[in-house]
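Novice: Numbering-wise (the working numbering), the sequence shown opens with residue 1 and increments by one.
Calculated cross-link-like contacts (lysine to aspartate or glutamate; reagent style EDC-like; alpha-carbon spacing at most 16 Å):
no. : residue 1 : residue 2
1   : K271      : D131
2   : K357      : E342
3   : K53       : D120
4   : K357      : E374
5   : K271      : D158
6   : K359      : E374
Keep in mind the hints are simulated off the structure, nothing from the lab.
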Amino acid sequence: MSGAPAAFATGAAFAAAAASATAVEVGGASGRGEPVPGYAEARWKRIAGELAKDPLFVDMDAAHLFDRQELERIRAAMNRASRRIGAPVYLVVAPNPTASESSGQGVPFLHGLWERLRRDGMYVLVDADGDIEAVPFRVPRRYSSLDPVPYELQRPADYRNPEADLMTRLLRAFDAIAAAPSGPRVMPRVVETAQPWNEDRRPLKAQFWGPFVAGLVLGALAALVLYGLWALGARLFGGRGREGGAGREGRGRRPAPARPTPRWLRAQATKELERLERLLPPDDDAPGRRYALRAYDAARILSDDVGPDPDGEAETVLDLVGVIVLARQGQTVLAEGAARPEPPCFVNPLHPPATRKRKIGKQGTRPVCATCAEVPGPGLVTLLLRTPDHRHHFVVPGRWQRNGFGTGGRDLAGDVLESLGVD
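Using the sequences and the hints, build the whole thing.
Specialist: Below is the structure:
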């Protein structure tokens with residue numbers, strides 16, 4: 001299914017859910033007993049229904065991750081693992097964004113899936129970023145810390161090209177699942193919970209119309225908005241592949257938001273920091289380690305200062321952007337064995353690294369990613385990173401205005417550490 005029909009289908013689902021005005025309680029690891037809108041249940045139920053017919057489910061929005069031959073190899077590996085562990089193996093290949101029913105967290109997503117399918121077995125998720133998560137439900141095997149997939153296999157080696165090692169990591173993950181020693185059939189401990197459904201994720205309440213009419217109106221508007229976003233994304237990002245290239249390398253990657261929420265940034269910052277921490281080599285002389293370690297230290301201090309529940313202040317939001325940029329730079333220098341990373345995109349530091357330069361209004365000529373280098377002037381304004389109070393990032397006083405997230409040629413990790421008072 002193409003993006004446009006998918007957008008209209010999503011809007012129609014929104015309308016149906018709002019019109020029926022139903023809500024369900026999601027307990028256990030998938031929630032905290034908070035009322036969840038009916039439309040959030042739809043994906044869980046749809047995937048559970050498909051898994052009841054076939055243990056391998058690939059969502060249309062993640063179909064780019066594997067070709068037909070790879071899926072055949074994956075199915076064979078699933079069957080081997082299932083025979084070895086004496087329990088079914090279920091694999092879901094689907095996007096899991098932070099705006100999803102599980103706040104973008106894999107473990108709560110799999111718990112919610114099990115709650116609806118109610119079949120014991122090994123549940124595995126591969127998301128559109130190439131991350132792998134697994135949860136065993138009454139599987140007669142003993143897994144270390146109830147984590148069937150080793151840490152080094154859970155995240156791609158290069159976040160910019162998550163598909164490069166995905167097939168290898170997934171097959172190794174199934175081998176690790178199958179190799180665990182026999183053990184009792186137990187339910188997994190709850191180690192991760194999704195954030196509550198709060199105001200910024202609830203559909204707007206109808207103040208002048210009844211629920212039915214309001215549902216239809218909101219559904220139609222949602223369809224139009226989603227179609228507009230799809231069309232804009234297709235125009236700006238479609239058909240080019242990843243930065244400067246084409247083909248499979250960049251398909252399915254979601255462009256970074258121009259005005260990210262604190263929740264989205266917090267989740268991304270945590271993920272990127274964990275990924276960098278796992279990649280740090282023990283050898284002091286390893287290529288790229290010196291910068292990567294400094295980037296990690298700077299990002300970790302910033303992250304700890306922000307805390308797990310960030311507010312919506314502009315400075316806090318930009319600190320989380322800085323955490324993501326530093327963590328990604330650390331990963332890049334380790335992957336490439338470089339002494340210093342390329343600067344980020346000045347338009348939006350959450351974009352891929354800069355490969356070109358362009359004049360940005362009164363800000364002068366700045367490094368930008370390949371996409372921003374080609375976007376017409378009016379379109380570029382819509383891509384500029386903004387804080388929740390609608391200010392562009394470069395007008396907010398503070399360390400990020402001074403260092404431009406490293407786009408001025410300065411050592412970003414060293415500059416941030418200095419601003420934090422760390423030698």
